[in-house]
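Here the protein sequences come in this chain order: A and H.
Under my numbering, residues 1 to 281 are what the first sequence spells out, in order.
Under my numbering, residues 1 to 330 are what the second sequence spells out, in order.
Read the hints as simulated data drawn from the structure, not as lab findings.
We treat Cβ as the ideally placed atom computed from N, Cα and C, and that holds for glycine.
Incorrect hints may appear among the rest.
[What the hints assert, rightly or not] BS3-like cross-link-like pairs, simulated, lysine-lysine; straight-line CA separation at most 27 Å:
1) K133(A) to K76(H)
2) K133(A) to K325(H)
3) K91(H) to K76(H)
4) K221(H) to K102(A)
5) K221(H) to K24(A)
[As the list claims (entries may be wrong)] Distance windows between CB atoms, simulated:
6) R319(H) to Y254(A): 38 to 44 Å
7) P230(A) to A154(H): 27 to 33 Å
8) A234(H) to G68(A): 51 to 57 Å
9) A234(H) to H175(A): 57 to 63 Å
10) A170(A) to G36(H): 52 to 58 Å
11) V30(H) to T108(A): 46 to 52 Å
12) P230(A) to N233(H): 40 to 46 Å
13) R319(H) to D128(A): 27 to 33 Å
14) K69(A) to G313(H): 52 to 58 Å
15) T108(A) to D186(H): 55 to 61 Å
16) A234(H) to T108(A): 44 to 50 Å
17) P16(A) to W282(H): 26 to 32 Å
18) P157(H) to G68(A): 35 to 41 Å
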Amino acid sequence: MTLLDIDHIDVEFPTPNGPFVALKNVRLKIDEGEFISIIGHSGCGKSTVLNAVAGLTPTSSGGIVMRGKQVIEPGPDRAVVFQNHSLLPWLTAYGNVALAVKKLFRKTMSKAEMHEWIEHNLRLVHMDHAMDKRPHEISGGMKQRVGIARALSMKPDILLLDEPFGALDALTRAHLQDSLMEIKASLNNTVIMVTHDVDEAVLLSDRIVMMTNGPEATVGEILEVDLPRPRDRLSMVDDPEYARCRAEVLRFLYDKQRKVESLDSNKNSNKPGGRAKSRAA
Amino acid sequence: MNTATLFKRAMPMSTPSRLQREIRARTLPVLLSLIGIAGFLVIWSSAASNITTSLGNFPGPSAVYTQFGKLYEEHKAERAKAEAFYERQEKRNADRVAKDPDYVPKIRAYTGKETFLDQIWTSVYTALTGFVFAALIAIPLGIAIGLSRSLSIAMNPVIQVLKPISPLAWLPLVTMVVSGVYTTTDPMFAKSFLNSMITVMLCCLWPMVINTAVGVASIDKDLVNVSRVLSLNALQHTWRIVLPASVPMIFTGMRLAIGIAWMVLIAAEMLAQNPGLGKFVWDEFQNGSSESLSRILAAAIVIGLIGFALDRGMLALQRLLSWDKSSATR
Chain A
1 MTLLDIDHID
11 VEFPTPNGPF
21 VALKNVRLKI
31 DEGEFISIIG
41 HSGCGKSTVL
51 NAVAGLTPTS
61 SGGIVMRGKQ
71 VIEPGPDRAV
81 VFQNHSLLPW
91 LTAYGNVALA
101 VKKLFRKTMS
111 KAEMHEWIEH
121 NLRLVHMDHA
131 MDKRPHEISG
141 GMKQRVGIAR
151 ALSMKPDILL
161 LDEPFGALDA
171 LTRAHLQDSL
181 MEIKASLNNT
191 VIMVTHDVDE
201 AVLLSDRIVM
211 MTNGPEATVG
221 EILEVDLPRP
231 RDRLSMVDDP
241 EYARCRAEVL
251 RFLYDKQRKV
261 ESLDSNKNSN
271 KPGGRAKSRA
281 A
Chain H
1 MNTATLFKRA
11 MPMSTPSRLQ
21 REIRARTLPV
31 LLSLIGIAGF
41 LVIWSSAASN
51 ITTSLGNFPG
61 PSAVYTQFGK
71 LYEEHKAERA
81 KAEAFYERQE
91 KRNADRVAKD
101 PDYVPKIRAY
111 TGKETFLDQI
121 WTSVYTALTG
131 FVFAALIAIP
141 LGIAIGLSRS
151 LSIAMNPVIQ
161 VLKPISPLAW
171 LPLVTMVVSG
181 VYTTTDPMFA
191 KSFLNSMITV
201 MLCCLWPMVI
211 NTAVGVASID
221 KDLVNVSRVL
231 SLNALQHTWR
241 IVLPASVPMI
251 FTGMRLAIGI
261 AWMVLIAAEM
271 LAQNPGLGKF
281 VWDEFQNGSS
291 ESLSRILAAA
301 IVIGLIGFAL
311 DRGMLALQRL
321 LSWDKSSATR
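Looking at chain H on its own, in the form it has when it is part of the complex (with noise of 0.2 Å):
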């Protein structure tokens, strides 16, 4: 609205038509936002060829474009070496059954290194694991506490002890734990992916605990009566009143919880070296090679765009369920 009566005092024509109209209103925001990138990247790419590291300069926006181009090449590479892996493997066991029909062809998983886009899913996999599994314990606790004055005074102060700790407090704890426990011969989950996943749950857990249970506690009182004159039971009153009420409240704190699983998981990668963006990071950090900084920005980028997804998907998620549209903005 506002950019548009901006746009046509700038501009000032003779009336124009309702499409013109229409038109401009849509494409005033993109262009905007274009300049907006376009005046980033200037400032980026300047400050960037005036800043050098022992690993020569740092990376502006042409080098890091490279470097995704390179990226890209570089999953292709190994892609093509799986299959010509798994043809061969697959001829060489043809032939022997051919010999000797009753051989018993062993098939091998290829077990080359882990593409920037097989991190990329890592990452995405092991946020959104933790992220779920919090969701399925903080959801139905927070209802819990929203719902017993004595249970929210009990729980409280450990809530908020435990809300502020840094991922990187938990994370040895959490490796110390789950090697201790988690001691099968056949894993069926990776330790790195176990640590990562419970650091990130342990880290969201809270904001969805808490917005639960203020959105619980704060129902409108009226429709607390609009139950009981209808004499539902605590299982209906829950799952017909309470629960619905709190949907919005309920999406806030999800909507917070997965901002921080994604913060959470790429330092959590780092230090659990689970194969994700976070562990990308640190082995071109460790590295040190001329093409480190560009590969690791480029990184960076992807973190943030994916971050921002996971954000908006959030958002649409809440548009399609919550009857508070209201509450679904921005």
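Chain A extracted, bound-state conformation (with noise of 0.2 Å):
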């Protein structure tokens, strides 16, 4: 069953000199319990569609519905975890996923359902033995979790991902994606993770999206990944069906969308509507 259905949707930005369109004609339909990859290089706008679907970016034509209803504001039903955590600096990890909680269901839990829901989310993503631990006392992959644990606390219809590891050293994101696998197979939810990293995408998504490049970047292609759950990093090394996946992706990125860049046009080619912009916007 479709749960979400981005229909051709534009995103603009306006600059001084007339608007620059980030998006053009984005379609896709994600169904209930699918996890949703979306690829591409850096600047392409794959944020921009997370933060349209989010309702944090204004499309400017075409629209979003989730379950029938056209999304025009940002709500706790589509969760965010943003790319660098984005934690409450003067609250603990306890009090950042309570902030979530007390908002959404003060009216329909009791105050010890609440805190037990928010407990079970911690532990869910094993940080209940540093609830209260403020956000500079640790890790960055400790804080992504307590990212992912205020967002599920929060029964999103759909969770969204911006580069979630993308900050975070090989080891800690290895650790974190088991963790989200692990989540997943018992919540079901439905994901849409935006990455640039190849192993990331197959070894987690369902199917990957590839975006083309900017401006008026798109979708490019749909990669269908067949391969069982529960995934285990280890013998997917030697999958076939893996190699072929990554071999796409990476024919993709690397041949079909090749960045033409020559190192000193670097700093020149800084258009606007890039990442900085997307996620300001």
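Hints in hand, dock the two standalone chains.
Shown next as structure tokens:
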């Protein structure tokens, strides 16, 4: 059953030289319980797609429909895990999750139920041992875990992950990917994850959405990953299907959508509507 | 750290124990500060003996020290007088009630002159009152300005012009407005107190408004997005996200403001004749006795110490309340 329908959306950002078209004609249907990765070169607008689904960035034409209702503003039914964790630095891990839970379930849960639900979500991401720690007292991986716990605690219809493990070292990243698969297996959430890591995309996803380069970026190809779950990182290495998927994505990124940029043009090619812009919007 | 290594180099010793190192690391800064103070006293005392004024020699450290003793004696003497006054009054009233049971005793307050210690208290009280009122206005105003770009643009020119106005320019205006508006027959506050307090308030508003506004306006975009995803309403957004996020900047503004409040207060008290340290200095200057200069210097030292204490107090408050401990170090 289709949960989310991204229906021919365009996203434009105003610049002094007229509007910059970041996304053009992006369409994608996502089924309930699916794990979708969006991959593409940096600046291609993959985060913009995610922000549009989140309702943080308005679309200039086309629309996004979830469960028959159009997405017009952000809401807790589309919980976002931000790249740089975005925990409130003055609250503990528990406090950060509690902020979400108290806002959303004050009317439907008793105090004890809310407390149990907060702890439950922190246990789910294996952070129950550091509930009273503040963000500056825990590592980057742990912060991201708390960010995931906060998103899960909202009981969202869809979980939006914006390069959630991009800032982490390889070992921590692998660890968190396993955690995420574990959670996904037990809760069967619908997930959209933006990533630039090919292995991460293949390992985690049911489908990989490959974006063309911006401006006017759109969906290039969609790859079905036909691997049985649960997936094990080590046995995947020798799996022919894994190798095929990996090769497909690499071919798309480095052959069909090669970024032609010489080193010194790099400075001048800071086009508007790149990452920084799409985040700020 | 640095001072400890310096010390070690200066006095090479056979490997000191951990305790010894610890003691050295702690005593050395104290020792150095004492040396600094001693050096200052020497320079002061030798300079003082070479300055002759119409009121005699400029007082050195010892003259000021004896003056502190005298000021304290005066305070005790005045307190004893007050006590004696109330004792006499009580006795007189008791006698009259004994003679005539229908007599309702009148109790009059003692009206002696304020002592130096009373004046210190008056000053601290006046400055803090002005500061608190300023904070109560400035922080909400700063939050509003920080949240609204339009309001910020609208208010900016006004704030920038009002900010550098000297307290000495405000004071006459405040005095006229207070005497024009505050016209009760039974005033709860003395006009001199209101004049000084309001002048202090007007001068320490601005750094708090500006710093709060900057703190609010520079909130991490991601934290705002968190708030949007959670669909926090305007009040929850301000209370749960904006206010805590800007606490470090609010404290920066408050620390600047308390320093300004104290500086402004002394000047304001001189002109407004609020019975605090400013008035003490002014009265001693007008008095022109042979002891005036040493009394003024004693007051100056107290003014400095209290200013220092206010700043440290603010820092302690910041350490206690702000989540960002790194912004509350010095």
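>> With the threshold set at 27 Å, check whether the alpha-carbon distance from K133(A) to K76(H) stays at or below it.
In response: With a Cα-Cα distance of about 53 Å, the restraint between K133(A) and K76(H) is violated, given a limit of 27 Å.
> Would you say the C-beta atoms of P230(A) and A154(H) sit inside 27 to 33 Å of each other?
Replying inline: Violated, at about 59 Å.
> Would you say the C-beta atoms of A234(H) and H175(A) sit inside 57 to 63 Å of each other?
Replying inline: Cβ of A234(H) to Cβ of H175(A): about 39 Å, so the range 57 to 63 Å is violated.
>> Against the range 52 to 58 Å, how does the distance between the Cβ atoms of K69(A) and G313(H) compare: consistent or not?
In response: Holds - the Cβ-Cβ distance for K69(A) and G313(H), about 55 Å, lies within 52 to 58 Å.
>> Within 51 to 57 Å: is that where the Cβ-Cβ distance between A234(H) and G68(A) falls?
In response: 29 Å, violated
> Regarding the pair K221(H) and K24(A), is the alpha-carbon distance no greater than 27 Å?
Replying inline: 25 Å, holds
> Within a Cα-Cα threshold of 27 Å, do K221(H) and K102(A) meet the stated pairing?
Replying inline: This hinted pair holds, its Cα atoms lying about 22 Å apart.
> Cβ-Cβ distance between P157(H) and G68(A): within 35 to 41 Å?
Replying inline: The hint (35 to 41 Å, Cβ to Cβ) is violated, given that P157(H) and G68(A) are roughly 51 Å apart.
> Taking 27 Å as the top limit, are the C-alpha atoms of K133(A) and K325(H) close enough?
Replying inline: 15 Å, holds
> Does the Cβ-Cβ separation between T108(A) and D186(H) fall within 55 to 61 Å?
Replying inline: 57 Å, holds
> Has the hinted range 44 to 50 Å been met by the Cβ atoms of A234(H) and T108(A)?
Replying inline: 23 Å, violated
>> The hint says 27 to 33 Å between R319(H) and D128(A); measuring C-beta to C-beta, is that right?
In response: Hint holds: Cβ distance 30 Å, inside 27 to 33 Å.
Violated hints, in rising order: 1, 6, 7, 8, 9, 11, 16, 17 and 18; the structure is consistent with all others.
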